[in-house]
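K.L.:
Residue strings, one per chain:
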Amino acid sequence: MYVMFASRNKALKTTPSRSGRPLREKNNPEDFTVIFRTVIFATCLAVAIPALAAAQDADAEKAVEKYRQMMKEDPWSNPGLLDADRGEALWKTPRGPNKVSLETCDLGKGPGKVDGAFAELPRYFADADRVMDLETRLLWCQEKIQGFEHAALITKPHPGGGQPVKDTGAIATWVANKSNGMTFAAKLDNPQEREIVALGEALFNRRSGPFDFACTTCHAEAGKRIRLQPLAHLAAPAGAKAVMGEWPAYRVSSTNVMTMQHRLVDCYWQMRLPAPEMGSELTVALIAYLTKNATGGEIAAPGLKR
Amino acid sequence: MKIIALATAALLTLPAGSALAQQMQMQMKMQKPADKAATVSAAKVDAVIKAGLPAFPAPPEVWQPRLTPDETMKICAATHNDPPKAQLAAIEKAEKAKIEYPADNNYLGDWKKGEALAQSGYGLRFTDYPARRANGGNCYACHQLTKAEVSYGTIGPSLLGYGKLRDFKDSEVKVAYEKIYDSHVTFPCSLMPRFGANKVLSIEQIKDLVALLMSKDSPVNQ
Numbered sequence: 125m126y127v128m129f130a131s132r133n134k135a136l137k138t139t140p141s142r143s144g145r146p147l148r149e150k151n152n153p154e155d156f157t158v159i160f161r162t163v164i165f166a167t168c169l170a171v172a173i174p175a176l177a178a179a180q181d182a183d184a185e186k187a188v189e190k191y192r193q194m195m196k197e198d199p200w201s202n203p204g205l206l207d208a209d210r211g212e213a214l215w216k217t218p219r220g221p222n223k224v225s226l227e228t229c230d231l232g233k234g235p236g237k238v239d240g241a242f243a244e245l246p247r248y249f250a251d252a253d254r255v256m257d258l259e260t261r262l263l264w265c266q267e268k269i270q271g272f273e274h275a276a277l278i279t280k281p282h283p284g285g286g287q288p289v290k291d292t293g294a295i296a297t298w299v300a301n302k303s304n305g306m307t308f309a310a311k312l313d314n315p316q317e318r319e320i321v322a323l324g325e326a327l328f329n330r331r332s333g334p335f336d337f338a339c340t341t342c343h344a345e346a347g348k349r350i351r352l353q354p355l356a357h358l359a360a361p362a363g364a365k366a367v368m369g370e371w372p373a374y375r376v377s378s379t380n381v382m383t384m385q386h387r388l389v390d391c392y393w394q395m396r397l398p399a400p401e402m403g404s405e406l407t408v409a410l411i412a413y414l415t416k417n418a419t420g421g422e423i424a425a426p427g428l429k430r
Numbered sequence: 090m091k092i093i094a095l096a097t098a099a100l101l102t103l104p105a106g107s108a109l110a111q112q113m114q115m116q117m118k119m120q121k122p123a124d125k126a127a128t129v130s131a132a133k134v135d136a137v138i139k140a141g142l143p144a145f146p147a148p149p150e151v152w153q154p155r156l157t158p159d160e161t162m163k164i165c166a167a168t169h170n171d172p173p174k175a176q177l178a179a180i181e182k183a184e185k186a187k188i189e190y191p192a193d194n195n196y197l198g199d200w201k202k203g204e205a206l207a208q209s210g211y212g213l214r215f216t217d218y219p220a221r222r223a224n225g226g227n228c229y230a231c232h233q234l235t236k237a238e239v240s241y242g243t244i245g246p247s248l249l250g251y252g253k254l255r256d257f258k259d260s261e262v263k264v265a266y267e268k269i270y271d272s273h274v275t276f277p278c279s280l281m282p283r284f285g286a287n288k289v290l291s292i293e294q295i296k297d298l299v300a301l302l303m304s305k306d307s308p309v310n311q
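These protein sequence lines are chains A and B, in that order. Throughout, my numbering is defined as the position within the first sequence, counted from one, plus 124. Throughout, my numbering is defined as the position within the second sequence, counted from one, plus 89.
For reference, chain B alone in the conformation it holds in the complex:
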């Protein structure tokens, strides 16, 4: 287990998002037959989306913003999530500006609530209206977090021992908050939802998730 934890630590210190994205882009390039190239205008794609997604079941004006990618998402999609260096800084700056910090500078909430949030995938799907409970973070869908939960996904890196591997440093507490609030500040074109910037989770909920990652008594660090 120690070896796995060390390997995980090594992996986490790499800009894993962009390395993976690079690999993905290489694969995409390889499988694209050059002779079959056909182009589609952005306007055409927008029109098809508007026509094909009838904004059901919520009132259209509420769901319309979902159908249009913002500037960051446009860059990410166009570059297969591997933006050129020139665009990295622009994304980081634009996303950093979106982060709202807790008023009292306390980033650590309740890890028990964080664990419940990490388990819950509820919220914002077209069958989730009207909302019956708070949105979840669904962290386990993509990340390993605790030894107890064996049903975890692998799209994101393992977060087992996250705080311990960072010596529970205060500076890392803030970084964890920023990663959850808007992962693109740390990893431009990360695959992870911008939980804070997109108003999926509240500041209090994000603090609970930070506690799950960074508290000494959290099961993540046992």
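Chain A extracted, bound-state conformation:
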């Protein structure tokens, strides 16, 4: 069944990236070596070529870990905080056709209540009659309160490499930051919430596309890596807890903040599938499943990624 598209590749026309992804192979594992080498230079650690590849891998990982440690010791050095500040200003500024701020937006803990809201998302919202993650809820509030057009909000919703995170993402970065130090505690226990977690699990395991990939191809086992890039064991609580709280994260390789919705687009790109639409049930389901697995994990957003 794949003969059709394989033979027609050349006839396909280029379309501008809806996701905002630049037309280059940014996250190709081919590039990982380059990125790692850059990080190593940045930390002023000279890595000689050791006899055993394993030793070199360990060195490379140590270098990146040292870089992360340096960032942790000086959290104000994370450039993602600038976007969090921008997000706070965007939240408080009257915007959109209705010229009002988002200060009446209910993220689940009451209108305008931001502190700790991210720690309890995704959740079911009666006004929208659906489960929403943080970014999907922010789309809803911008649409319903400020009068933005839904189609405009989800067209090119993510930045290309080098561009700052879009407005919704900046607001999400600030809101997530306001749950720092707390742990993921989304209840996800009413029927709609339980259904979307189950849906997320089904999507996580679903294998399709020309590479037969599922999320589980990379994220169902601990201690694995693609090229030199360690992979998170997202199917297990330990693995999900270790990384979910770092998103949205500042990505050194693209020099911008990447949100979880954007991160999923990257996964689908790598899986040779179409880009998931921002705020679609598919994205909310996957985020709900991952967040459920991460229950109890500490939130430290924005994190720092390669």
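Don't read these hints as lab results, they were simulated from the structure. Wrong hints could be hidden among the right ones.
Said to hold, decoys possible - Sample of chain A residues with no beta-carbon within 10 Å of chain B, all distances over it, derived:
#1 M195
#2 K196
#3 K233
To be verified - Some but not every residue of chain A turned toward chain B, in silico, with C-beta under 10 Å:
#4 A344
#5 Q394
#6 E405
For every residue, glycine included, the Cβ atom is placed at its ideal position computed from N, Cα and C.
Starting from the known structure of chain A, fit chain B onto it as the hints suggest.
P.N.:
Frame of chain A, contents of chain B only:
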């Protein structure tokens, strides 16, 4: 190094795929809280996929087949890549039937081209249209292959010394071709893409990869 090579050889002779899958399934079972069970119908999952993946940027009719798993993939996903014995034979048979062999029965291409293919991850992503060059195999993303390339992944087993460990046997040359063309014939519900069956790589490209694994002068066997 010899010890590592021997250990690798021992590992390779095991049906590693299914053992790993079994372990994975056990882990998955352990982490599933029974009281939270909720079910989702296959139709619902299909509908969510169709709605959430706008088949961008290629024309939808070209990308639609990607969104639907075939029978083998349905079984693999439903069983966490560890199909019960009853389904193993069905998968092997269905996948074996998909293999096209080189017309002249020559399975060995050019290992140098194979090495380039093993390095390249290009192709079939939504930014890869129109195609600017041939698809890559991206073998190094998951496998160790040569001593020179230290940036390799670990999702698949190490293939260092692959041909040497098999005494460069002719029968093993054909097996290597089949594994790359459609890994499910050897390891049902393997995580590896079906490079030939899914038309990711051509027969000539697969021959180049077989040469990388099985040629005496390939860096894989040095």
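K.L.:
Hint numbers the structure violates, sorted upward?
P.N.:
The structure breaks none of the hints.
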